[in-house]
Amino acid sequence: MTAVPSSIVRHGLRRSWHDYASMLRWHLASLRIWMALVAIVQVLSGVGLVLGIALFFRRIPASAALYVSTGVPVINLVMIGLILGPQLVANEKTAGSYDYLRAMPVSRSVNAAAWYTVCLVNGVPAMVVSLGVASLRYSLALHVTAMLVPAVLLTALSATMLGYAIAHAISNAMVTAMVAQVLVFVVFGFSPILFPITQMPRWLGTLNWWFPFRHMAVVTRAALTPGPHPGLTTSYAVLGAWSVLCAALAGRALGRRL
Amino acid sequence: MSAPTGQGKSLYAGSAKGARAAAGSLSPLRSGTGYWLSSLRAMFRFELGRARQWAGMMVIVQALMGAGMALMYGFFYPHVTPARALYIATGAPTLALVPLGFVMVPSGITLERLEGTFDYVWSLPAPRSAQATAAFGLYSLISLPGALLALVVAAWRYGAHLSLSPLLIPAVFVSAVMAVALGYGMALVISNPMVMNVVANALVFFVLLFSPIVFPASQLPRWLYDLHRGLPFYNMAVVIRAGLTRGIAQDVTTAFVVLGAWALAGCATTAWAVGRRR
Numbered sequence: 001m002t003a004v005p006s007s008i009v010r011h012g013l014r015r016s017w018h019d020y021a022s023m024l025r026w027h028l029a030s031l032r033i034w035m036a037l038v039a040i041v042q043v044l045s046g047v048g049l050v051l052g053i054a055l056f057f058r059r060i061p062a063s064a065a066l067y068v069s070t071g072v073p074v075i076n077l078v079m080i081g082l083i084l085g086p087q088l089v090a091n092e093k094t095a096g097s098y099d100y101l102r103a104m105p106v107s108r109s110v111n112a113a114a115w116y117t118v119c120l121v122n123g124v125p126a127m128v129v130s131l132g133v134a135s136l137r138y139s140l141a142l143h144v145t146a147m148l149v150p151a152v153l154l155t156a157l158s159a160t161m162l163g164y165a166i167a168h169a170i171s172n173a174m175v176t177a178m179v180a181q182v183l184v185f186v187v188f189g190f191s192p193i194l195f196p197i198t199q200m201p202r203w204l205g206t207l208n209w210w211f212p213f214r215h216m217a218v219v220t221r222a223a224l225t226p227g228p229h230p231g232l233t234t235s236y237a238v239l240g241a242w243s244v245l246c247a248a249l250a251g252r253a254l255g256r257r258l
Numbered sequence: 001m002s003a004p005t006g007q008g009k010s011l012y013a014g015s016a017k018g019a020r021a022a023a024g025s026l027s028p029l030r031s032g033t034g035y036w037l038s039s040l041r042a043m044f045r046f047e048l049g050r051a052r053q054w055a056g057m058m059v060i061v062q063a064l065m066g067a068g069m070a071l072m073y074g075f076f077y078p079h080v081t082p083a084r085a086l087y088i089a090t091g092a093p094t095l096a097l098v099p100l101g102f103v104m105v106p107s108g109i110t111l112e113r114l115e116g117t118f119d120y121v122w123s124l125p126a127p128r129s130a131q132a133t134a135a136f137g138l139y140s141l142i143s144l145p146g147a148l149l150a151l152v153v154a155a156w157r158y159g160a161h162l163s164l165s166p167l168l169i170p171a172v173f174v175s176a177v178m179a180v181a182l183g184y185g186m187a188l189v190i191s192n193p194m195v196m197n198v199v200a201n202a203l204v205f206f207v208l209l210f211s212p213i214v215f216p217a218s219q220l221p222r223w224l225y226d227l228h229r230g231l232p233f234y235n236m237a238v239v240i241r242a243g244l245t246r247g248i249a250q251d252v253t254t255a256f257v258v259l260g261a262w263a264l265a266g267c268a269t270t271a272w273a274v275g276r277r278r
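Chains A and B supply the protein sequences, listed in that same order.
End of the first sequence = 258 in the numbering used here, gap-free, step of one.
End of the second sequence = 278 in the numbering used here, gap-free, step of one.
If you're looking for bench data, these hints aren't it; they were derived computationally from the structure.
Ideal placement from N, C-alpha and C gives every residue a C-beta, glycine not left out.
Please note that a few of the clues may not be correct.
[What the hints assert, rightly or not] With the Cβ distance kept under 10 Å, some of the chain B side facing chain A (calculated, not the full set):
| hint | residue |
| --- | --- |
| 1 | 57 |
| 2 | 68 |
| 3 | 72 |
| 4 | 140 |
| 5 | 198 |
| 6 | 220 |
All chains should be modelled from the sequences, with the hints used to inform the complete structure.
This is the structure:
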């Protein structure tokens, strides 16, 4: 008589917490060599943007300086979610660890939460450095409010989930890399993050309403500068909707049988 | 082709002199301009055939990136004055040429190394200069439409008044040769794909933000300007701008000399790496 292997399906909050901690450790451990490099690249690109855009002008206007300084933190968060995520998943797919990870008895949402934490751990320090350099370089009086916490959390969440959806829903690694590259180009040059929306054609501004990047800049800027910020609630709502949509897309792709 | 079995036997059986003669009749070492040109033609066909799967998409991506960069820089300014417009319009084609040498060539070579094509191409009985020239031709064909579209889009968007001069042809040629030669040299010297990737991305970041290509060099701090006079990027912009406008570009001869020196340095590095035994 053969013994039937017992497999108890465990769930509950405690189980989820345990899984979350394990996956977080897994991700951090597999990234340990990369974390330093990612941090350096993040800080250099953030500080580079802060200092470099001043060269576009003979004397940078105060409003342009404010837009750059409050936009660079958004760029920092978006880059982590949109570039690092898909790149790592593409590497996992080539190395074969992707299927291994998918076979683990951990729920998709817990896995996504662990990955989101990793993105925050990587993105937030660079964001703080960029902000610090910007306020020193342009002698800005930033007005940091408590709203910065939800703004950063939601900006990072929508960027991470977008990257997560791109990484998991597109099976071809080449296409993933290309989509991520194009998105970076769009975020940097065609989204009103580093400059006011009035400086782009009206139709492009309207088009940007449907994408998350403009709203990321709105919520982050509102938490860093005083004054009325029209459409703030709408921006939070749009970001929330994008996060849910991308999480659903990624979840669907991950739940599919191979 | 006839089977060389009979000759092969004599190669082993005969005297040293006979062996040399037999080997000579087997595969004569050919040289000369005619041979080089026919090698170039064959290698170019080889490169085109290899690239046909991705070249079309690459041309489109390059063209979109070029046009996109021409538009993007305008968004950063509250008002695009005629002077700024002229700088953006004449800088955009330069920006479209930079990725040719500093991203496409190194990443192409890195991929070839991983796939093993790199060693295969080197083992072919064609002069290595012909192989490199064929690759240069292919990459130029892929990137030139992007540079042209960037110029057209920028001229249309900002209404910049350009006055083309024959100087544009040597300017684009020298810039492209320099970019490819340096890219080749870099890719051959740096053999780790990850390091190459980081270097290429860092260079592109530096060129896009810190190089006086789409804005006047007078906006830079003095030390950065002095640095750029010795680096290739600013000088590329100077010579291409000299071919597109009248009166803005200064020190064009110096710029050509610096570009020539960088092209030579790239070729010398390539030659050193090619001649080295592994």
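Do the hints match the structure? See the list:
1. 57: holds, 9 Å
2. 68: Holds - the Cβ of residue 68 of chain B comes within 10 Å of chain A, reaching about 6 Å at its closest.
3. 72: With Cβ-Cβ at 3 Å, under 10 Å, it holds.
4. 140: violated, 22 Å
5. 198: holds, 8 Å
6. 220: holds, 6 Å
The structure shown violates just one earlier hint, number 4.
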